[in-house]
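Peer 1: The residues making up each chain are set out below.
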Amino acid sequence: MSPVAVACRGVEKTFGTGAAATQALRGIDLDVAYGELLMLVGPSGSGKTTLVSVIAALLPQDRGDCLVLGQDLRAMGKKDRALFRGRSMGFVFQAFNLLPALDATENVSLPLIIAGQRRRDAQKVAADLLDLVGLGGRAHARPRELSGGQQQRVAIARALVHKPKLILCDEPTSNLDHDSGQAIMDLLIHTARAPDRAVVVVTHDPRIFGFADRLARIEDGRIVRTDSPRPAPAPGGQA
Amino acid sequence: MIRVALTMLRGDSSKFIGLVVGIAFASFLVAFASAFFAGFMTRGFSLISENPEADVWVMDPAVQSVEQTVNLPSSALSRVRSVAGVVWAAPMALGKADARFANGSIQSFDVIGVDDITLAGAPAASATVTEGLRLPQAAIVDAGGTEGKLQTPVSTADQWPQDGPHLDAPTRELRAGDELLLNNHRVRIVGHSHTLPRFPPRPLLYMSLANADRILPPGRHRITFVLVSAAKGVDPQNLAQRIHDQTGLRARSTEDFKTDTVRWYLVNSEDVGDMGAMMSLAASVGFGVTAVMLFMFTTDHLRQYAVIKAMGATTRQIVLMVFAQASAVAVLGTGIGMGVCVVVGTIAARGGYPFRLMWFAPAAGGLMVAIISVLAALISVRPAVRLEPGVVFSSR
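Residue numbers (this note's numbering), protein chains in the order written: chain R, 1 to 239; chain W, 1 to 396.
Bear in mind the hints are in silico, worked out from the structure with no lab data behind them. Computed from a predicted structure; not experimentally measured. Fair warning: there could be bad hints in the mix.
Below, computed lysine to aspartate or glutamate pairings styled on DMTMM-like, alpha-carbon distance capped at 20 Å [what the hints assert, rightly or not]:
(1) R/Lys165 x R/Asp80
(2) W/Lys258 x W/Asp110
(3) W/Lys96 x W/Asp213
(4) R/Lys163 x R/Asp131
(5) R/Lys79 x W/Asp256
(6) R/Lys78 x W/Glu388
For the chain R half of the interface with chain W, some residues (derived, Cβ under 8 Å), not all of them [unchecked claim]:
(7) Tyr34
(8) Thr49
(9) Arg85
(10) Phe91
(11) Pro100
(12) Leu102
(13) Glu106
(14) Val125
(15) Arg222
(16) Val224
The beta carbon of each residue, even a glycine, is placed where N, CA and C say it ideally should be.
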C-alpha cells in the first residue's frame, strides 16, 4: 500500500474562460496519509471545495498530478472514476444530502446498492452501521423525521457502509449547533478513522479544528500553511 | 437501483400522481377512441351481421362494401342458384328514398327489399309483423341507430294537411298503421324492428322486393346482393370462389365481406381522419403532460441524482433509474386508463353508443403510452446524465 492516500502535486484548476476566468487552484501540493484526519480550512472562495472535488474524482484538474489511493485520476475515464468513487470513497455533505423518499436504512445501504450488492444484504449491513452511530431505533425513519444531528449520523453511516479507504466531508458541522457539531466530530473520529483509511474534512468552523491531525490552510487557491493542532497519531494508530 | 428509483418516484406524491394521471388520460383517450372507432366500423357492416343465415354475399364486381349499391341483373339470381354447393339464394335490394311524414316533414331512409317468397333478409320481428311485409305497400320501420327521426304528428288534424306542412305539430313515433309517402307511393307501416344500429346512422324501411321495386325510382336492375346459404360441409370461402369463377360476379364469404367493408370505410370515410385526429390529440396531450411532469420530476431531483452519481452510480444506472420511473408510471397509468376505458365504455355501450373494445384498442393505447413514455424519458434523462456530480458540494 502506498504510504499516502492522497498525493497532489502542482494541481491547478480554472473555471470559465477569457476575462471571466477564475483560477480556483494555483498549484496545490498536498499529501494525506492513511490513518490521518486532515482538515482543509480557509475562507469562502479560497478553493477548498474545488480541491476536495478534484480529490473526489468529481472534477478533473487542468494541470498537475493527483494520485488518490494509488490511482492517477487523470488517466481514468468518466465511468472508471464513478466506479472508483463508489468503491473507494465515502462522502459526508454539509446539507446531509439524504434521499428524502428513502428511510435511514435505505439511505445508508445506497452505496452498496449502487455497487450491485443485493438489497437484503445491503440493508443488513446498513442496519449494523445505524446501530454503530446510535440510530438503531430510527432505522425506518425518513430524513424529515430526523433532527439535523441524526441526519448527519445517517450520512456518516452511509459514508462508511462500503468500507471506503477515503472519506471526504464537506462542512459536516455547518448546519448543526455547537453540541451536535462536537458530537458528530466525535462520531467521525471514532467510526471513520482507521489505520488504512484517510479522512479529509473541508471546514471553516474553528470549533472543530481540534479534531484534526493536521490543518491545511488554503487561501486564493494555494495551501499557505500546514500545521498540527494537536499531536499527530502514532503511525498506524487509531484515535 | 430500480427499487430506489421507484421509491424516489413514490416519495414525490404530487408529481407521481400527476404523471400517472397524465398517462392514464392519454391511454384512456387513445383506447376509447379506438374502441369507439371499432364500434363504428362494426355498425358499418350491421346489414351483414343481421343476416347470419347468409354464408356468402354475391354482388357486382365493382362493389366493395354494403355502402355501394350497384345493382345486378335479375339473371344473376338464377346463375348463382345453379352453382354447386348453394342450398338457397335470395335477392336483396338496397336503395335510398326520401319519405314524407304525415305532417309534411321529410326524412331520408335506406330501403331494404327482401325476397318476396322466403322473406330472407327481413329483420327480426314478430311473425305477424314479418308476414305483414307480404301486403301491398307494407314496410317495417327501424330507427337504424338514429333518435327522433321517426316522428309523425299526434293529431289527425296535422296529418296530410291541405294547407302546407305542419312541422311544429306535436309528434309521436311511427307505429303500425301509420303511413309515409315515398316517391308518391303510400307506404303503410306494419311494425317496428330493432335491428343493429347503422354507421352512419339512418332510419331503415324493410319491404318486400316487389314493393321496393314499385316504390324506389325505376332502374334497369333492382337486385343489389344475392344472399347465399352454403350446403353443409361446404366452406363459404370456397363456395364464394366457385360462384365467382362460374358467374363472373364478386362473391365473398360473410367474414370476408365484413373485412372488405371495414377496409372500404378506412379508405373512403372521412370519419377515419377525424378518429386519427382525436387519437393524435390524445397522444399529444398525454405526451405533453407526461414529458413535462417527468422532466420536472427529474430536474427537481437533480441534487439527489448528483448525490447518487457522486457515490459511484454510472450513467447507465442513472438512465436505468429514469426509465424505470417512466416505465412504472406508464404501466400504472395504462392500467388505470384501460380500466376507466372499460367502465366508461360499458356505460356508453349500454347508452347505445358504438363502443366495442377489440384487441387493438388496448394495444393502441399501450403502444401510444410506450412511445410517449420513452420520449418523455429520453427528454428527462438528459439533464440527469449531463449533471456534474460536483454540485453535491455546497459551495458549487
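Peer 1: Look at each hint and say if it fits the structure.
Peer 2: How the hints compare with the structure:
Between R/Lys165 and R/Asp80 the CA atoms are separated by roughly 17 Å; this keeps the pair inside 20 Å, and the hint holds. Between W/Lys258 and W/Asp110, the direct Cα distance comes to roughly 19 Å. Compliance with the 20 Å bound is thereby established for this hinted pair. Proposed proximity of W/Lys96 and W/Asp213 is supported: the alpha carbons are some 12 Å apart, at most 20 Å. Between R/Lys163 and R/Asp131 the CA atoms are separated by roughly 16 Å; this keeps the pair inside 20 Å, and the hint holds.
In summary, the hint linking R/Lys79 to W/Asp256 is not supported, as the alpha carbons are separated by about 59 Å, beyond the 20 Å threshold. The straight-line distance between the Cα atoms of R/Lys78 and W/Glu388 is roughly 11 Å, inside the 20 Å bound, and the hint therefore holds. Given the 8 Å rule on beta carbons, the hint for R/Tyr34 is violated: about 21 Å separates it from the nearest Cβ of chain W. A cut of 8 Å between beta carbons decides the hint on R/Thr49: the least distance to chain W is about 5 Å, and the hint holds.
The closest approach between the C-beta of R/Arg85 and any C-beta of chain W is roughly 5 Å, which is under the 8 Å cut-off, so the hint is satisfied. A cut of 8 Å between beta carbons decides the hint on R/Phe91: the least distance to chain W is about 6 Å, and the hint holds. Below 8 Å, beta-carbon pairs count as interface contacts, and R/Pro100 has one with chain W at about 6 Å; its hint therefore holds. At its closest, the beta carbon of R/Leu102 sits 6 Å from a beta carbon of chain W; the interface hint therefore holds under the 8 Å criterion.
Contact between R/Glu106 and chain W, as hinted, is supported at the beta carbon level, the nearest pair being about 7 Å apart and thus within 8 Å. The closest approach between the C-beta of R/Val125 and any C-beta of chain W is roughly 15 Å, which is over the 8 Å cut-off, so the hint fails. Contact between R/Arg222 and chain W, as hinted, is not supported at the beta carbon level, the nearest pair being about 18 Å apart and thus beyond 8 Å. For the restraint placing R/Val224 at the interface with chain W, the shortest Cβ-Cβ distance is roughly 19 Å, beyond the 8 Å limit, so the hint is violated.
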